[in-house]
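Chains D and G, in that order, are what the protein sequence lines are.
First residue of the first sequence: 125, per my numbering; consecutive thereafter.
First residue of the second sequence: 125, per my numbering; consecutive thereafter.
Incorrect hints may have been included.
In this list, chains with the same sequence are indistinguishable; a pair is considered to hold if it fits within one copy or across any two.
[Claimed, not checked] Below, computed lysine-lysine pairings styled on DSS-like, alpha-carbon distance capped at 27 Å:
| no. | residue 1 | residue 2 |
| --- | --- | --- |
| 1 | Lys130 | Lys140 |
| 2 | Lys177 | Lys140 |
| 3 | Lys468 | Lys130 |
| 4 | Lys140 | Lys452 |
| 5 | Lys428 | Lys303 |
| 6 | Lys468 | Lys458 |
| 7 | Lys458 | Lys428 |
| 8 | Lys177 | Lys458 |
| 9 | Lys428 | Lys414 |
| 10 | Lys309 | Lys130 |
| 11 | Lys428 | Lys466 |
| 12 | Lys452 | Lys309 |
| 13 | Lys428 | Lys468 |
| 14 | Lys428 | Lys452 |
| 15 | Lys437 | Lys175 |
| 16 | Lys175 | Lys468 |
| 17 | Lys309 | Lys177 |
| 18 | Lys301 | Lys130 |
| 19 | Lys452 | Lys468 |
| 20 | Lys301 | Lys428 |
| 21 | Lys140 | Lys414 |
Since the hints were made in silico from the structure, they are not lab data.
The residues making up each chain are set out below.
Protein chains: 2
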Amino acid sequence: MEVELKRMLTDLQNLKTSLSDPSHQASIDQIRLCVENLTSLAMAGPTRRTKVKDMSAEVVDSNPYSRLMALQRMGIVDNYERIREFSVAIVGIGGVGSVAAEMLTRCGIGRLLLYDYDTVELANMNRLFFRPEQVGMTKTDAAVQTLSEINPDVVLESFTLNITTVQGFETFIASLKNKSFRQEKEGTGVDLVLSCVDNYEARMVVNQACNELNQTWMESGVSEDAVSGHIQLLIPGETACFACAPPLVVASGVDERTLKRDGVCAASLPTTMGVVAGLLVQNTLKFLLKFGNVSPYLGYNALKDFFPTMAMKPNPQCSNGACLERQKEYMLIKPARDAAAKAKMEEELSTIEIPIHADNEWNISVVDDCDANIVNTQSSDALPEGLVHELPNADVYEQQQPTTEESIENVDDLEDLKRKLEALNAH
Amino acid sequence: MEVELKRMLTDLQNLKTSLSDPSHQASIDQIRLCVENLTSLAMAGPTRRTKVKDMSAEVVDSNPYSRLMALQRMGIVDNYERIREFSVAIVGIGGVGSVAAEMLTRCGIGRLLLYDYDTVELANMNRLFFRPEQVGMTKTDAAVQTLSEINPDVVLESFTLNITTVQGFETFIASLKNKSFRQEKEGTGVDLVLSCVDNYEARMVVNQACNELNQTWMESGVSEDAVSGHIQLLIPGETACFACAPPLVVASGVDERTLKRDGVCAASLPTTMGVVAGLLVQNTLKFLLKFGNVSPYLGYNALKDFFPTMAMKPNPQCSNGACLERQKEYMLIKPARDAAAKAKMEEELSTIEIPIHADNEWNISVVDDCDANIVNTQSSDALPEGLVHELPNADVYEQQQPTTEESIENVDDLEDLKRKLEALNAH
């Protein structure tokens with residue numbers, strides 16, 4: 125539109141110089157004024173808020189961070205503004221990932237890395253975030269458009285790629301390693317990876333990358349029948365990785381890929397996905413800003429409003445080589461960590477004023493005896509009520525899969541696997 | 125913009141008729157063509173999706189309802205399309221109400237009634253839904269703008285008013301009574317009222333209206349420290365009303381109004397509000413479409429990921445007169461209801477094929493013996509772990525309050541009340 129208006133101004137100027145009658149020239153000037161007004165209107169666009177240098181706690185209507193900085197005065201968070209130092213990678217910008225990205229953006233996260241290869245469709249409109257006018261755009265482009273309008277303070281980096289391809293995986297790993305934003309020497313360039321993908325292969329690829337990079341991540345999922353979901357914290361070497369034990373799902377989850385055929389699609393609800401995204405980002409905030417207890421695993425059964433929780437130790441026989449390496453490393457540093465944690469706890473107990481929110485660097489959560497839902501187990505016989513394994517043990521599954529790259533094609537093998545799974549479940 | 129462009133066309137036409145040189149007239153025509161192009165550009169606006177006549181289950185990218193209609197094939201919902209017959213009123217379009225409205229809009233609810241008197245501020249940007257470019261608009265106008273773009277099939281009615289004023293209350297009652305959309309003879313013009321307000325007075329006003337109209341409603345709330353929330357189902361005469369017992373909050377909720385002074389504001393998080401909105405609308409869908417169990421009360425403790433639940437019977441000594449009338453009515457119809465429910469259950473048990481999702485007209489939820497969190501009590505001594513009363517008993521509270529209209533001014537009384545509450549909590 126700006127181009128057309130500029131051309132009109134030139135045309136009007138040319139016409140004016142060729143006219144001799146002053147009344148005609150005055151008419152031209154009047155039209156030109158109109159064009160100039162339109163130009164300034166078109167240039168203004170929608171009102172955007174400007175970037176802010178520091179997060180202020182001032183209670184004025186114009187402060188986008190007042191309600192977040194209030195978390196400090198309430199004694200929930202020690203230093204909220206630290207959130208600007210953190211980088212979070214979100215893999216999969218669908219029903220859960222897009223809402224998680226919006227929540228972190230509105231919380232003023234430092235930097236977001238977004239990964240997806242899909243485009244926005246009208247069929248996605250039953251979940252939050254994307255708008256009908258974005259249909260046809262890549263999900264990454266549409267997300268960057270919306271998120272940058274909501275909060276220009278967040279550094280957004282988007283990657284339109286499929287992490288399950290060789291090239292995609294390499295770019296994914298390289299982007300996680302990029303330390304341009306992060307000051308700390310140790311670790312990767314991101315503080316946390318959130319997996320919001322909708323299939324098993326992509327989860328295994330995130331697991332592989334995070335095990336290789338020793339990167340803490342959180343996994344999330346929603347069942348194909350739309351009425352259950354879960355989140356899970358994975359710390360390489362310290363907790364079970366995604367290959368250590370068959371992934372857990374809430375209630376009677378069906379194997380998600382068996383449903384993805386012609387004319388059949390998964391059900392989804394904005395409610396279930398919104399709840400799972402909310403629980404995921406809430407635990408992300410607790411992890412980054414060190415408050416409350418980060419849940420190792422939290423399920424959501426929407427039909428009964430039941431929320432099973434549990435913790436899983438790594439499997440010493442895990443099929444993932446990188447996981448075994450991380451387990452060895454963790455066993456070496458564990459005694460020193462435990463001693464430091466014990467010393468710190470004793471020091472805190474010795475002071476008269478016990479802090480309300482003790483620093484919890486390793487996110488150790490105390491298992492409450494009163495809460496029967498929390499168990500610490502890796503035995504499939506002792507799963508808490510309401511939880512079942514989504515698939516058989518990972519090494520059994522791996523035997524069925526020639527390579528990670530090709531596994532999407534093996535629908536026949538999956539059918540066979542599903543029959544075995546059903547036979548197992550029948551017991 | 126359209127106005128300016130139209131005026132320019134007139135000006136150009138006038139100038140053209142006053143000019144004699146054909147080359148000058150050709151220049152005018154060229155400029156006019158530009159203006160016409162700009163007009164069609166301005167008229168087009170953003171791409172909107174068109175209304176659809178019926179909800180289709182067809183699995184194509186262009187179908188906005190395919191993932192919702194899939195709930196039927198999955199055996200979750202008997203008839204999803206019934207959602208288009210329902211009207212839901214949402215009181216308070218803030219951090220919870222706006223997200224609840226968006227979820228119901230994306231689910232294709234028939235009609236939404238929205239109530240709020242506030243305007244959008246930058247300070248609201250830490251919660252989902254509103255965008256910086258909407259700052260200064262009323263929340264109702266901004267909500268209608270966004271929701272109508274997302275789903276033009278939903279009938280939206282907005283009321284920019286404060287329900288705690290005399291005039292506001294009258295309009296509120298009248299709007300709930302309006303039966304133009306609803307076919308059924310019994311009841312009001314809405315199927316459910318969702319209370320998403322942020323203060324005690326407004327909740328008591330919703331309670332009064334719903335008791336008077338015998339209207340089932342759901343209450344929701346988020347604590348001032350942003351890390352806990354709850355939802356509650358209230359069926360006049362059948363469950364406790366908001367005045368029957370002191371309202372329950374999760375964990376250590378503070379009296380919300382004591383914090384609302386100059387330079388002090390409540391903390392809020394998009395995560396907590398998103399989770400509460402998700403749980404609220406999930407239970408709304410279960411209530412309307414008759415699947416799963418509707419929770420009578422569900423709390424959310426974000427620090428521990430703990431979700432206490434309970435049920436409360438009405439108080440025969442309730443201070444609310446309309447509540448007592450509804451209780452009498454319910455006692456009269458209860459024997460017939462119980463007999464009908466028993467007969468239906470026996471009939472279902474006698475058939476060989478037991479339906480997966482039995483019709484649950486009265487939303488009776490079976491209390492599971494295994495779940496220690498669910499108790500059925502109205503004694504404050506037997507609250508489930510993690511739940512406390514927000515305020516003392518309603519009739520104690522009422523004695524402190526001269527009238528509902530004037531109570532906002534009585535800050536000194538509240539201070540006194542808070543001291544009493546703290547003394548009670550100290551025991």
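Now the hints, each set against the structure:
no.	hint	in the structure
1	Lys130 - Lys140	both (16 Å within a copy, 21 Å between copies)
2	Lys177 - Lys140	neither (48 Å within a copy, 54 Å between copies)
3	Lys468 - Lys130	neither (68 Å within a copy, 74 Å between copies)
4	Lys140 - Lys452	neither (81 Å within a copy, 85 Å between copies)
5	Lys428 - Lys303	neither (44 Å within a copy, 32 Å between copies)
6	Lys468 - Lys458	within (15 Å within a copy, 60 Å between copies)
7	Lys458 - Lys428	between (39 Å within a copy, 25 Å between copies)
8	Lys177 - Lys458	neither (40 Å within a copy, 63 Å between copies)
9	Lys428 - Lys414	between (31 Å within a copy, 13 Å between copies)
10	Lys309 - Lys130	neither (50 Å within a copy, 62 Å between copies)
11	Lys428 - Lys466	between (40 Å within a copy, 22 Å between copies)
12	Lys452 - Lys309	within (22 Å within a copy, 70 Å between copies)
13	Lys428 - Lys468	between (41 Å within a copy, 22 Å between copies)
14	Lys428 - Lys452	neither (41 Å within a copy, 30 Å between copies)
15	Lys437 - Lys175	neither (43 Å within a copy, 52 Å between copies)
16	Lys175 - Lys468	neither (39 Å within a copy, 62 Å between copies)
17	Lys309 - Lys177	within (25 Å within a copy, 59 Å between copies)
18	Lys301 - Lys130	neither (44 Å within a copy, 56 Å between copies)
19	Lys452 - Lys468	within (25 Å within a copy, 60 Å between copies)
20	Lys301 - Lys428	neither (42 Å within a copy, 32 Å between copies)
21	Lys140 - Lys414	neither (68 Å within a copy, 72 Å between copies)
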